[in-house]
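Enquirer: Next come the chains, spelled out residue by residue.
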Amino acid sequence: MPPKTILSRREFVRNAGGLLIGFSLADATVLPRVLAASPEDVMETPSPGRLDAWLQIEKDGAIRVFTGKVEIGMGVETGYTQIVAEELDVAPERVHFVMGDTSMTTDQGGVGGSTSIMLGAKPLRNVAATARFLLLQLASARLGAPLEQLQVHDGIVSVQGEAAKSVSYGDLAGGANLNDALKVSGRGFALNVEGIGKPKDPASYTVVGKPLPRVDIAPKILGQWQFVTDVRVPGMLHGRVVRPARAGAKLVSLDEQSVKPIAGYVKTVVDGNFVGVVAESEWAAIRAAQALKVTWTDAEPAFPAQMHLYDHMRNVTPKASRETLKKGDAAVALASAATKPEATYEWPFQSHATMGPGCAVADVHLDGVTTVWSGGQKPHALQQGFAELLGVPPNKVRVIWVEDAGSYGRPGFEDTAADAVLLSRAVGKPVRVQWTREDMTAWGTKGPAVICNMAAGLSAQGEVSAFRFTSRAFSGGEVMYLPSTAGNFLGAQLTGIPNTTGVDEFAQWGEACVAYAFPNVHADAYVVPAFLAAASPLRTTHLRDPEGPATTFATESFMDELAAAAGADPVAFRLKYLDDERLKAVLTKAAEKFGWDQRPSPKKPAGTSEIAAGRGVALTLRGETRVATVAEVEVNRRTGAVHVKRFVCVHDCGLIINPEALRGTIAANLIQSLSRSLKEEVMFDGTHVTSVDWNTYPIARASDVPDQVDIVLIDHPEIPPSGAGEPASRPTAAAIGNAIFDATGARVRRGPLTPERIQAALAALQPA
Amino acid sequence: MARTSLKVNGKAHVVDVDSECPLLYALRDNLALNNPRFGCGLGQCGACTVLLDNRAVRSCRLPVSLAAGKEIVTLEGLGSPDNPHPVQKAFTEEQAFQCGYCLNGWVLTAKALLDKTPHPTDAEMRRAFESLVCRCGSHVGIFNAVRKAADSMKRSA
Chain Z
1 MPPKTILSRR EFVRNAGGLL IGFSLADATV LPRVLAASPE DVMETPSPGR
51 LDAWLQIEKD GAIRVFTGKV EIGMGVETGY TQIVAEELDV APERVHFVMG
101 DTSMTTDQGG VGGSTSIMLG AKPLRNVAAT ARFLLLQLAS ARLGAPLEQL
151 QVHDGIVSVQ GEAAKSVSYG DLAGGANLND ALKVSGRGFA LNVEGIGKPK
201 DPASYTVVGK PLPRVDIAPK ILGQWQFVTD VRVPGMLHGR VVRPARAGAK
251 LVSLDEQSVK PIAGYVKTVV DGNFVGVVAE SEWAAIRAAQ ALKVTWTDAE
301 PAFPAQMHLY DHMRNVTPKA SRETLKKGDA AVALASAATK PEATYEWPFQ
351 SHATMGPGCA VADVHLDGVT TVWSGGQKPH ALQQGFAELL GVPPNKVRVI
401 WVEDAGSYGR PGFEDTAADA VLLSRAVGKP VRVQWTREDM TAWGTKGPAV
451 ICNMAAGLSA QGEVSAFRFT SRAFSGGEVM YLPSTAGNFL GAQLTGIPNT
501 TGVDEFAQWG EACVAYAFPN VHADAYVVPA FLAAASPLRT THLRDPEGPA
551 TTFATESFMD ELAAAAGADP VAFRLKYLDD ERLKAVLTKA AEKFGWDQRP
601 SPKKPAGTSE IAAGRGVALT LRGETRVATV AEVEVNRRTG AVHVKRFVCV
651 HDCGLIINPE ALRGTIAANL IQSLSRSLKE EVMFDGTHVT SVDWNTYPIA
701 RASDVPDQVD IVLIDHPEIP PSGAGEPASR PTAAAIGNAI FDATGARVRR
751 GPLTPERIQA ALAALQPA
Chain S
1 MARTSLKVNG KAHVVDVDSE CPLLYALRDN LALNNPRFGC GLGQCGACTV
51 LLDNRAVRSC RLPVSLAAGK EIVTLEGLGS PDNPHPVQKA FTEEQAFQCG
101 YCLNGWVLTA KALLDKTPHP TDAEMRRAFE SLVCRCGSHV GIFNAVRKAA
151 DSMKRSA
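Protein chains in written order, with the working numbering: chain Z, 1 to 768; chain S, 1 to 157.
It is worth saying that the hints were derived from the structure and are not from the lab.
Treat the hints with care, since some could be wrong.
Said to hold, decoys possible - Think about it this way: if two alpha-carbon atoms lie no more than 30 Å apart in a straight line, the pair counts; the simulated DSBU-like pairs of lysine-lysine are: (1) Lys210/Z / Lys89/S; (2) Lys165/Z / Lys326/Z; (3) Lys584/Z / Lys210/Z; (4) Lys645/Z / Lys89/S; (5) Lys210/Z / Lys116/S; (6) Lys645/Z / Lys116/S; (7) Lys593/Z / Lys148/S; (8) Lys59/Z / Lys260/Z; (9) Lys70/S / Lys645/Z; (10) Lys645/Z / Lys11/S.
All values reported here derive from a predicted model rather than from experimental measurement.
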């Protein structure tokens with residue numbers, strides 16, 4: 001073990017002049033140095049074409065790595081630490097990261113799409129390998145020995161057989177820049193660099209693949225971690241926002257006298273329909289936001305009644321369509337099929353409902369450098385977006401990412417930061433904005449509602465001859481996942497800036513679920529228009545695997561219906577239509593681990609006891625990652641309540657970087673997706689989102705947690721790593737729904753699978 | 001505004017805040033204690049949990065005046081890196097969290113639970129935790145950590 005370095009992960013920040021200064025976020029006395037950037041300073045993002053933009057070696061041998069990637073609670077920083085330590089042959093304790101500071105780290109597109117290891121680790125691996133090569137060259141000259149006679153152990157280079165001849169990385173290069181040029185390719189998530197050093201053969205790994213404890217967990221549990229909520233800037237004021245009383249309402253008037261008596265009140269900020277209050281203390285800001293008398297227009301209802309949501313989606317004219325696959329002639333094959341099962345599955349709007357509702361600090365200087373501290377997943381895009389919002393060049397804005405609560409996509413932390421920017425601009429001082437629970441749950445972005453219609457043709461022998469899939473969904477990109485324009489932000493939309501960068505994202509068969517090898521397939525997808533052009537509390541964007549959970553719920557439930565119609569076992573039926581060996585392997589392994597009894601569903605005899613037990617399976621492919629999940633459930637026939645007793649999840653994402661961190665992420669993803677499957681549905685009426693807190697947007701609690709969760713990891717060191725943040729969120733709903741069907745014969749086709757819906761499906765089974 | 005005496009993590013403090021101000025903001029904004037955390041401000045999630053006379057309470061709804069004179073312990077005061085509380089040790093060994101934003105509630109509620117019920121049944125543990133939220137879904141690791149903490153405290157008792 002190396003001596004514990006005194007440098008910790010966030011001690012360094014580059015000031016305006018480009019020097020490194022030691023600092024800790026807890027120590028507010030050094031923050032003024034960040035703030036003291038002079039008006040002439042420019043905040044350029046480092047160019048990725050030089051090694052020292054990515055990696056520097058300190059005199060004491062500490063390795064400092066700069067990445068535009070950020071940690072969102074799944075342990076990616078630890079994975080990166082292992083990857084860099086592996087290539088450099090140093091102990092992981094020596095490796096420290098600076099993440100997501102637009103003035104210190106290259107633009108890697110932030111994080112998202114389960115790409116942080118799959119794509120984001122590539123340049124880090126290449127950079128570390130190149131640094132090792134350069135260090136060995138320096139060592140070769142210093143020690144007077146050829147490269148092939150050198151060995152490295154924990155950053156000490158020595159000559160084989162002559163242990164006395166050695167030199168450390170710190171002595172070779174500490175404090176000096178390794179100015180090697182790198183070949184740059186791709187951009188955003190796909191940004192890669194290659195240098196002279198070649199990465200190791202995975203077969204020789206000794207650090208990658210080991211269950212290293214996550215670097216952030218212990219300090220978090222010891223109360224020593226700083227989230228973005230803990231950034232305190234000298235002279236900082238506190239802000240709160242006041243949203244329209246109804247969706248689409250416009251500001252009529254407000255009465256500032258209603259808040260002026262509050263001690264510490266500073267200002268009410270109004271810009272179009274954007275309203276916020278600023279005060280000297282957080283409590284004063286809270287009181288002012290509650291007390292402010294605001295009159296809004298009685299806007300026409302923007303939304304249908306909730307009970308008519310899916311009818312609305314079916315009947316409205318779509319705004320975009322896409323044909324995903326046309327193979328053979330599904331229409332003809334359907335027409336001649338012996339039986340034609342059809343089904344429609346529906347999935348509601350869901351909320352990110354992050355644990356911390358969003359917090360940011362902004363210090364706006366229109367004539368100088370603006371600094372924003374935010375936990376948003378894409379800091380470099382935020383820099384662009386805030387520059388546009390302020391009408392300044394991007395190099396006059398610096399975004400410093402500081403971890404916020406787990407964010408699962410584009411939850412609204414971006415909007416919180418924009419609110420801070422708007423308020424700081426108005427008062428000319430740094431402003432910290434803390435969103436309320438309602439700001440997040442009611443007014444944060446939403447995952448899109450999705451309808452999937454399916455029909456299949458079965459032969460008399462139960463063979464699938466044709467498959468027809470059509471989806472209708474709100475776009476997963478109405479709010480573009482990259483917050484790189486002003487119109488992306490809710491606060492900006494309220495000031496009247498239009499959202500011009502929304503994109504149509506579809507719930508596509510094969511993209512958001514497994515594409516089974518049926519002979520005739522026709523799959524298409526439609527996007528329905530948003531309810532409001534701007535500032536909608538039902539605006540949709542990425543929520544942990546945008547259309548994946550909804551689409552996989554539909555297709556994997558329908559596969560189960562087809563298996564039942566064919567009188568086949570659900571596992572054996574799926575295997576017949578798979579030609580991917582790794583998919584077959586996860587499915588087979590899941591059945592084996594669970595102790596799957598081969599038989600058709602539903603279970604017979606059905607039994608008459610109040611509690612019915614059953615098991616269901618579902619499968620997914622997301623990118624190159626394969627997941628099979630089996631759920632074992634108990635259903636209360638009287639109340640419709642369902643309890644998941646056990647999950648078995650088999651996961652194959654290629655090479656595994658850290659098996660324990662991966663297990664933790666999968667286990668949590670299973671519980672979060674259980675929550676979305678059984679409980680989560682954004683409620684609304686014509687004019688409001690009425691899910692505003694944890695009572696009105698209930699999620700899984702301790703009593704909902706399965707008694708047993710078995711995770712089986714299939715490691716493929718010979719296959720590059722693929723994503724692991726999202727894939728396990730996909731199969732859960734169908735696995736549970738299929739288990740409910742197995743237990744009772746009742747099929748629920750609308751998520752979430754609530755007791756009321758299960759009761760209704762059970763009641764429909766009764767003979768008339 | 002009123003001057004209120006608070007005893008936090010064994011130290012006496014005087015804060016000058018509105019007597020209706022919830023304890024959470026006095027701890028965070030006046031005393032710069034980063035744990036507890038703001039999660040909902042409604043007492044629904046537990047992110048703001050502190051120990052008040054060894055009971056786990058929600059600091060987001062508790063007026064600071066009602067905390068005066070009581071022994072307040074925040075996560076910062078539960079243990080130290082060199083001497084973590086057994087509950088902190090077990091949660092760390094189990095790597096029990098994803099983002100960890102919620103963990104004040106779980107760690108401090110677990111501590112209060114095990115003080116009162118050293119060997120909780122599974123049902124007792126779930127009941128004690130039912131009012132807490134973990135949005136990431138880290139419950140499996142959390143439950144394992146509590147079982148481990150109960151075992152280790154039993155051994156050292």
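Enquirer: Now, for every hint given, state plainly whether the structure supports it.
Expert: A quick look at each hint next to the structure:
Using a Cα cut-off of 30 Å, the hinted pair lysine 210/Z and lysine 89/S holds, with the two alpha carbons roughly 21 Å apart. A distance of roughly 67 Å separates the Cα atoms of lysine 165/Z and lysine 326/Z; the hinted pair therefore is violated under the 30 Å criterion. A hinted pair counts as satisfied when its Cα atoms are at most 30 Å apart, and lysine 584/Z with lysine 210/Z qualifies at roughly 27 Å. Taking the CA atoms of lysine 645/Z and lysine 89/S, the gap is near 28 Å; set against the 30 Å cutoff, the hint holds.
The straight-line distance between the Cα atoms of lysine 210/Z and lysine 116/S is roughly 38 Å, outside the 30 Å bound, and the hint therefore fails. This hinted pair checks out: lysine 645/Z and lysine 116/S have alpha carbons roughly 28 Å apart, not beyond 30 Å. Only pairs whose Cα atoms come within 30 Å are accepted, and lysine 593/Z paired with lysine 148/S is accepted, the gap being roughly 25 Å. For a cut-off of 30 Å, the pair hint linking lysine 59/Z to lysine 260/Z is broken: about 55 Å separates their Cα positions.
Of the pairs offered as hints, the one joining lysine 70/S and lysine 645/Z is violated, with about 42 Å between alpha carbons and a cut-off of 30 Å exceeded. Note on lysine 645/Z and lysine 11/S: the hinted pairing is violated, with a Cα-Cα distance of about 46 Å set against a maximum of 30 Å.
In summary, the structure is inconsistent with hints 2, 5, 8, 9 and 10 from the numbered list given earlier, while agreeing with the others.
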